[in-house]
Each structure stands twice: as C-alpha cells, then as structure tokens.
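A.B. asks: The lines below spell out each chain.
Number of protein chains: 2
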Amino acid sequence: MTDMRRDAGGQEPVATGEPHPKEATLHQRILGEIEGRILSGEWPPGHRIPFEVDLAALYGCSRMTVNKVMTRLADAGLIERRKKSGSFVIQPQAQSAVLDIHDIADEVASLNLTHSHSVVSRERRRAGAEDMRRLDLPKSSAVIDVVSLHRAGARPFCLEERIISLANVPDAAQADFAATTAGAWMLNQVPWSMAEHRIRAVGAGPREAGLLGIESGAACLIVERRTWSNAGPLTHVRFTYPGDRHGLIARFTPSGQALS
Amino acid sequence: MTDMRRDAGGQEPVATGEPHPKEATLHQRILGEIEGRILSGEWPPGHRIPFEVDLAALYGCSRMTVNKVMTRLADAGLIERRKKSGSFVIQPQAQSAVLDIHDIADEVASLNLTHSHSVVSRERRRAGAEDMRRLDLPKSSAVIDVVSLHRAGARPFCLEERIISLANVPDAAQADFAATTAGAWMLNQVPWSMAEHRIRAVGAGPREAGLLGIESGAACLIVERRTWSNAGPLTHVRFTYPGDRHGLIARFTPSGQALS
DNA sequence: TTCACTATTATGTATATACATGTTCATGTC
DNA sequence: GACATGAACATGTATATACATAATAGTGAA
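Those protein sequence lines, which keep their order, are chains Z and B. The numbering of the first sequence is my numbering, which starts it at 1 and goes up by one. The numbering of the second sequence is my numbering, which starts it at 1 and goes up by one.
Calculated directly from the structure, the hints in this document are not laboratory data. The structure displayed is predicted, hence computed values, not measured ones. Any given hint could turn out to be false.
Copies of one chain are not kept apart here, so a pair can be met inside one copy or by any two copies together.
As a list, the in silico DSS-like pairs of lysine-lysine whose alpha-carbon atoms are at most 30 Å apart [claimed, not checked]: (1) 68 x 84; (2) 68 x 139; (3) 68 x 83; (4) 139 x 84; (5) 139 x 83.
Input sequences plus hints: build the corresponding full structure.
C.D. replies: In structure tokens:
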C-alpha cells in the first residue's frame, strides 16, 4: 500500500454492490457509499463501520482520505466515533436537530404534564387515491393506517393520523402502537434520509373538533410530515394541534447548521 | 515555515483582537475566528478572505490545516471559493436553506402572481414592554416599527409586522421600505448568526381580518421570526397568513443538512 | 481476586509534499 | 488593436508521516 498516486486503472476497489454512479472524487465516492449504507438501513444504528485502515485498504487509498470522510460524517451527525472502539452509526436523534418537532411525549413532558395516548383506530388496508396523494405509494400497496389521540394530563393535546408503507416498513404489521406511540416506534425503528414538512392553519372540522374537545371552526395548526428512506416512502403523518396551544419552534444558523 | 511541530511557546499568532476563549485545537480556533468575523459582519458579504498561505503564515501552521477549515466553511455555505481569485464571504442566501421561508416576493412569484406591497405604518420609537417580549432588547432602546401588507395580484397575501433594533441596524433609520420590502432590505443588509421561528395557528382578530380581507375568527398561520447577529438582536417579524393559502414547506435530512 | 500499570489499538490533529485544475494576467504575434 | 499562448497563481485532492489521546485489553503484584 505504499505510494498509490493517480492510478485509475488497476483493480477497482469493488466495495460490494453499489448502485452509485461514478462520482468526481474518491472522497465523494466514499462519502456517498457510506452515507447510502446508513440511510438505506443496510448499516443500522449501532452498527460498527469498518476501521479506517480497512476502508483505506478496501478503496486503495490512504487513511487520511478515509479519515476526512469520517470526520464529515461525524460533523453531519450520522456517525459517532469512539477511540479504540471504532466508528458507529448513530442512533436516530430527535426528528431533526433543526426543526424542533420532537417526539410528542417529550413535547408534552416539557410542559410538565404527563403524556398519554390512545389508539383511535388501526387498520391494515390497500392504498387508495387519497393515500397516493399523502405519500407517493405504488397503487394499492399495503399500508397501516393508525389514528391516535395524544393527551397532556387529561386534556387532548393533538391528533395524529398516520399511514405507514408496509413495503418499506414491514415490521409495522406486528406493532399495535398501544404501548409506544407510532412516532416513537418509527423513530427507533427506521432510518430515514429525507423528510418534508408542510405546515398550515385550518379551522377544525367536526370530527377533529369532537376528538380534541374544541369548537368546530377553531383555528388549528396542521403539521404534515412525509418521510423517505433511500428505499422509498416510509410514512405520512398529520398532526392537528388546537391553535390555543404553544406552537412549534425552529432555531438555526444561516448555513442551516451549527458550526464549531 | 519549515517544520513547525508542537511549539505552543513562541510568538502567539495574534490574529487581531479576538474575544474568543482559547479553544481546543488550532483547527477549531481558526474556524471559530473566521466564522465570528463573518457572522458579526466584520467581514461582510463579498469580502475576500485572506489567502490560505497567508492565513497559514498568520497562524503559524501549514496550508493543509487552513484548507480543511475553509473546506468546512464552504460546506457550511458561509464562503464561496474561486480558484485563482480566493475565497469570499457568501451573499446571504434565502432566509434558510432548510426551512423554506423565503422572501415574500419570491413566495408570491412562485404562484405566478405579481407581488406588491404597501407600508401600512412606519414609526421610530422607544422599545416598550411588548417589544422586550418580542425581541430581547435593552429597555427603551430605539426601534423602527413597520407594518406592511403584501399582495399577490390584487388579493392580500400576508401581513408583516416588524420591529428592527436601531442599535444593531442603524441604517434602518434611513430606509422607508416603500421600494424594497423590509424583509428583502434586511436580507441584503445584515448578516445574521441565529434565527428562531415560532409557528402557530390563531383565529384572525378584527384588525388582521380587516387588512387581509377575511372573516374575523378565520384560521391564520402565524410565523414569527427573531434574528440575531453576534452583536445582539436584529429584528422580530410576525407574518400572518390567511389559513386558506398554501402553507410552509420544510425539507431536510436526518443531520439537518444535505451531504455529498 | 482485585488493583495498578503497561501495551495495544483506533481515532484525532497536524505537517510537508505533490500534482491537478481552473482563472487571471501578461506577453508576443499577426 | 485583437487574439491566441502560456506563465503565475490559488484552490482542490490525495499521499505519507508523525505524534497525541483515549479506551480497551492484558499482565503482574499485593
């Protein structure tokens, strides 16, 4: 492994089956492949990433090159590095470091109230036209549909309406979401690579009003989240918060991430 | 500059007057100082950062060390690097790469409608208790208070209520915000280091309803943004969107930032 | 068996070096 | 004066090397 220089020709490192297109630099290629394995779930949270020297050998490059990639992944919060032990895929954090929409139990706990939830309905069914709008699912694929009501103390706190793609989250078929909320379950279960939030205000319809114990037409904050992994769509969830509750808070820097 | 090794003693690089505490590594120290100069506005958008070799000489380190810092700053979107020319502080982007709350003119334009706005009121006054709640201002410091109505085509689009701290944005005293909106003016004028958004839903009060041409009590989305620079608070703005309009959209990755 | 000490291991930081890649600028020719 | 050519320059990527640091594993003495 002494002196590699610009070989290009030679045995291509062949890092198992990669669907990645050829990328400009080695750095980017290594970064992309490791990122892909993490975000697709091939390397689940807690998995130990090969040692730097081994990756260097695999890609036929120096440890410094691999080290820089690992440093970036650590900065980005995808891996955790421990001396002597190695580098590990990190446990999925809160929903996002940036937009502070965390697990509802936390949200309620921060108000010093005890959280409870009940499953209003849960069914397994085939995706219809409405579901295809909510999440870009293949037509009539199997989904789990769960509606839960979250309470802070005794009062209703928010309504959660969720569909989960069974194609990409098969374990959801077994979960009944009575003990852990669907949100917490997803958080600990499935790695994701992209999320999209849509936030709007609407007047409560009669159904929501009834469940939440508010007047029909009262202003509500709607937060819809669609989540994907590299394999495809995972889940769509709609939270309905009565408007007289505290809102959402998001903090960030110009670059969208804290440095230093 | 040949072979520096671990000197520690010797002439401290003395990179002008820094209020920074001593940081762990040289890397972090350089990163922090440059970031500070950018975020404080000492190095405004467009400013050319010293060449890597010069910074290396200044800090008494190798170019590689500086290069890594610059690479991070570029990844974070704070600087732009051009070969032969050097590295430059970037023009402030949209309000955020992550949370897609852009300039209102853009927002309206994306709906294929022409944007117009009018200043409902503008005054210079001393901060009261309410302003201290909105923005953590020193008591009775001078602020500019502007209320504008934005229109998409002929219809009211949203209401903007803003206060600007004159202590930290003195140029605001001269601006009347008739030609450019207050948002666009701030965006091009002032570098910021932190922003906090608060999002909630409320029923429209009679004043908002009148200005926006909606019914009193109709659901509205309220987006409040507080922005700081390193020097202190800059501005607080509250946008009120009628709830029957499209909402906000935010997209992101687990780490809060796109890699690769 | 327990505790202290040491060796090993994997990451963390920094260096010097080499060459590639685009830009800009100056130069010389037509 | 217009234009092609090439030198100079600043960044971009990668290498080999060195030593620091933290955590683990192993060894030996009380």
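A.B. asks: Taking the hints in turn, state whether each one holds.
C.D. replies: Checked hints:
| no. | hint | verdict |
| --- | --- | --- |
| 1 | 68 x 84 | both (18 Å within a copy, 24 Å between copies) |
| 2 | 68 x 139 | neither (43 Å within a copy, 48 Å between copies) |
| 3 | 68 x 83 | both (16 Å within a copy, 22 Å between copies) |
| 4 | 139 x 84 | neither (49 Å within a copy, 53 Å between copies) |
| 5 | 139 x 83 | neither (48 Å within a copy, 50 Å between copies) |
Of the numbered hints listed earlier, those contradicted by the structure are 2, 4 and 5.
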